Amino acid sequence: MTDSEIVLGTSAAFSGPSRGLGIELFRGASAYFEHVNRNGGVRGRRIVLRTYDDGYQPDPSVQNTMTLMLEDEVFALFGYVGTPTVTRVLPMLKKFQERQVYLFFPFTGAQPQREPPYGPFAFNLRASYRQETAGLVQNFVGIGRKRIAVFYQADAYGRSGWAGVRRALRPFGERIVGEATYGRGSKFTGIMRDQVEILKASRPDAVICIGAYAACAAFLRDAVDLGLRVPIANVSFVGSENLLNLITQRRDDGERYTELLVNSQVVPSYHDVGIPAVQQYQELMARYDPQPPQELLREDYTPFSHSFVSLEGFLNAKLMVEILDRLGDKPDRSALEGAVFSIRDFDLGIGELVSFGPERRQGLQKVYYTVVDEGRFVPLDSWENRFG
Amino acid sequence: MKIQKLFRKTLFGVFFLFGVIGVSTSVLCIYTVDTHLSEEYESNSKDIAKTIADASVDILLNRNLTALQSLIDQFVEIQGISYIYITSETGEFLAHTFVPGIPEEIRTGDTTSMVTVERSLPGMGDFVEVASPILAGVAGAVHIGSDTGLIALKVQRAIGQQIYLISIIFVVGILAAIWLVGQAARPVDGVLAFAVKLAQEREADGRGNEKLLARNDEAGELARLFLHFSQVMDRDKADGLSQPGGKE
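Heads up: the protein sequence lines correspond to chains A and Y, in order.
Just so you know, the first sequence maps onto residues 6 to 393 in the working numbering.
Just so you know, the second sequence maps onto residues 5 to 252 in the working numbering.
These aren't lab readings, by the way, just hints derived from the structure by calculation.
Bear in mind the structure is a predicted one, so any value in this text is a computation, not a measurement.
Certain hints may be false.
[As the list claims (entries may be wrong)] Facing chain Y, a subset of chain A residues (Cβ under 8 Å, in silico):
no., residue
1, Glu120
2, Arg164
3, Thr186
[What the hints assert, rightly or not] Over the 12 Å line for every Cβ pair with chain Y, so calculated as not near, a few chain A residues:
no., residue
4, Val146
5, Arg234
6, Pro297
By construction, the Cβ of each residue, glycine as well, lies at the ideal position given by its N, Cα and C atoms.
Isolated chain Y, as found in the complex (with noise of 0.2 Å):
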């Protein structure tokens, strides 16, 4: 199918509208997954911290470290949950889930602080890590890592699914803006031979054209206007009015 220039930069138009939309939607989809998951993993990390933080007072003001470590084993079995660590009110670690040790970053660092903190852990990955209180604070806090490369895969499976619906809408719009094109194209075409041929012949009479001249498009308009222009010529031509150096 040829494409008249015309429309070609139509085409490219179509083209860059999709790889607009594309990038656009692309783009804000990776800004929504993310901000949302994150922010749900931090709220569940949270609700999961305050959960088990509930849950030891008992258990710790009992000294009972063995039932504080199967707590918090139950709890990191949870998908996206890194590492626990409890600390007692002076800081000590009453229980962790570390192998093989606890991370240096986080053995020096301030296990008081209740603030939610992203970590880096060489050879463990990047973690946001939260922090909810035991009995306010009193008896220790529990701290909870949640893996950020989770939720950059999450992103990134849910991206590769946007691509590929726009790359499938993408290559269906193509073949239909060629197809469009290719079929707005075609009446051009038939009035681009018509004129030809009109210019060509001595008397123009539009016959074998009958489909052309009776659209009742722009391009049957086109066609028609040729060839009254081309009879008007032919009548002025054989008037003498058309002849070099005539008068009109």
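In isolation and in its complexed conformation, chain A is listed as follows (with noise of 0.2 Å):
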């Protein structure tokens, strides 16, 4: 950090097949710290995003985080990308905790970074993975949709929700009905077709999804494919956009394969212009159209004008500048904590208050669902008529 610059530091998946969520992450921070930049930054700082590509691979991410704080000795780490990748860097920020670089906001819904002994070096701004399938597993198990399968992916987040779902289901008396895994970095062209047949061999009432949009989709398709008519639900690390997108290009008979889909949200619906921080956030990403960084850029990738996963990382973007504004004019880390903590029934504009303290080390609880109408995805109304 200096007198002009505070500098975060990314790690995240700017390519491979989830690089979409690393990506859109990226573009919805960068639109809010490009309007704070260009209105004086924060306290006469701009502020930085120092970025690495993670691929979304835990050794990589390991790497970026050694280089983020020892060499370029970043004020903060900000947005780091899933659960496999921030379940190995939890323990180094643990190892070098006399340098008081926390973790703040990673788009992962997991535990490990929410309870001891990992939880003291991270702040989390979205509801967990535990809450997003409790809310589904209730929602289900209501309206009689008692048997519950998982397909998720064979890592750490797979296991996070899996783990989420089976002890959702434990007040009801049930249990996971069925299970069937893959492996993380498959991408939507693999045959998930072993999966399906593992899964309607238990005769479930829906299915739960643990992954990332490549694989889900690839699993959505052969499960429609294949006869697998239940509903078929995903948290919101999938990446509903991308999810949406893969499953419906270049298909007149899209509509067939999003009926029965159902994804959980842990920010409100972007096109809902009635809360105003949805407001700003089109108005700012319309306005300075942000760009994923161009040098980690190694494929194709067409960023979407809104997305939840943007939305997210504007709201992320925005909390955090609140943070580093309430430090004062003399920014340090040590105070990081304390600025936090400050934070208290602080309206970030979605309708929703945001508190942090000792023991609340998650701004946000709720959780929103949405599902495919008109080929977008919109709130659900109504879990009976939809799925009753």
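Once you've looked at the hints, go ahead and assemble the two chains, each given alone in its own frame, into the complex.
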């Protein structure tokens, strides 16, 4: 950090089958940071995002974090993507805890950065996978769909969601009736027939997917093609627009694949301009048209004008700026935790107030549910009417 | 190089001996490498299973299955380890690395057993599975499957190297044996030619075969003996002792 800059460090997926997540999160955050920088920065300091690509793989993520902490000496880590990556980075934060480098608002709802022993080194904004899966399970069970199966990524992320479903079913006296996995990095061109057959054999009433968009879109495609006609749910990490894009592109019968699709979200609908933060998000995205970091792009990618992921990045950046501002004229890492804990009932502009404290390391708690209507994700009005 | 019939058996003997050596060392090599590798893999797998089991206690007691999965994901990257799964004390699968799902044989098997088993999983291959208890088994168990196909591959590689070396030694040995046998056969050829010459000449005096007669080995002695006999016969012939019907 200098008198003119505050440098934040990011390691995220800018390449590989999950690159859409890293790129959209970055774009959303960049829109707000750009806005702040053009208006004088945070108390005169520009915010600079130093970004590295980890391809959603743990080892590069650890390496990038070493570079960010020890060589770049960033002020804080911000906007990491993924559970398998973040869970491997957390021990490093503990190892170098005397440096007081905190991880802010990772794009993952897993528990390790919300609980001891690593919780004290991270701050989360979004609701957890535990909350997302609990909401999905409660709503499915509520409409009589008690036999829940899980399709998940064979890693820490998948296990986190699997554990959430398992935990949520227990109060209802139910268990996961079937489970199937896929390897991280699977592409949409991959075949998920084996997984569909495994889950079909368990005769589920609904399937909850804990995965990234390419694999989940492939599963959805094969499930519909093989006649698994039950609601298929995804959690927020999936990257809803990327999934929708894959499943409907070059298809006239896209609706057949999306009519039983339901995705949980941790931010409100980006179409709802009645929400102040959404209106600001749309305005700043249009004004600055943030682009992914060109030096990290190795594959083609067409950004979305708006998405749930970029809205989350936008809200992350907005809260980050508020925290940096609360550090005063001489920002110091040692004061960061205190600045975060001073956030009480803070209005981000989405209708839910944000609070942090020593026992509360997650700012938002609300989960939203969306379905596809007329080719876009819209809020789900009634579970009974849609899936009952 | 013409090899005398006398030495052909020797040469075949050399071939045979090399064959016996080659086959026996290969068999021994297969046995040794297979046994040692299998034991080493099993031993390493047990060590890793114990390490995971020890590291899992706190994680399991905190019910942090995400961290547990992250832990086993790191170990499954080790070469030779094909799958890891962790079961609770009741046999429930808490974390695993199977794709696209837990194989039927494992899902329906006895997950509380700590005995090393050999498994043949359809579509996956052959494995040796070891287990280690977590908190003496009251918190569950860690199971690790090692790919025996990899052991077979390493055995094949070791045998290939062995056969390559033996083949080179065999070819060099055979060439050397042929050359040595040829060397040994040459004086015998000389003695044979000398004997034929003696039989054909009236008065043998050994001229032209001085080198052969001067040898101090068995070939030289044989040549000198043939010459002696020939000269004795010539003398007897001259004395009329060897005439037909004559007496000694």
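Since Val146(A) was said not to touch the interface, does its Cβ keep a gap of more than 12 Å from each Cβ of chain Y?
-> At roughly 21 Å from the nearest Cβ of chain Y, Val146(A) sits farther out than 12 Å, so the non-interface label holds.
Proposed interface contact between Thr186(A) and chain Y, which counts if any beta carbon pair is under 8 Å | At 5 Å from the nearest chain Y Cβ, Thr186(A) passes the 8 Å test, so the hint holds.
Was Arg234(A) rightly flagged as not at the interface, with every chain Y Cβ beyond 12 Å?
-> holds, 20 Å
Taking the least C-beta to C-beta distance, is Glu120(A) closer than 8 Å to chain Y?
-> This hint holds: Glu120(A) lies near chain Y, its Cβ roughly 7 Å from the closest one there, short of 8 Å.
Should the hint that Arg164(A) touches chain Y count as held when the rule is a Cβ pair under 8 Å?
-> Check passed: Cβ of Arg164(A) comes within 4 Å of chain Y, closer than 8 Å.
Verdict on Pro297(A) as a residue remote from chain Y, using beta-carbon distances over 12 Å = holds, 28 Å
Comparing the model with each earlier hint shows no violations; every hint is respected.
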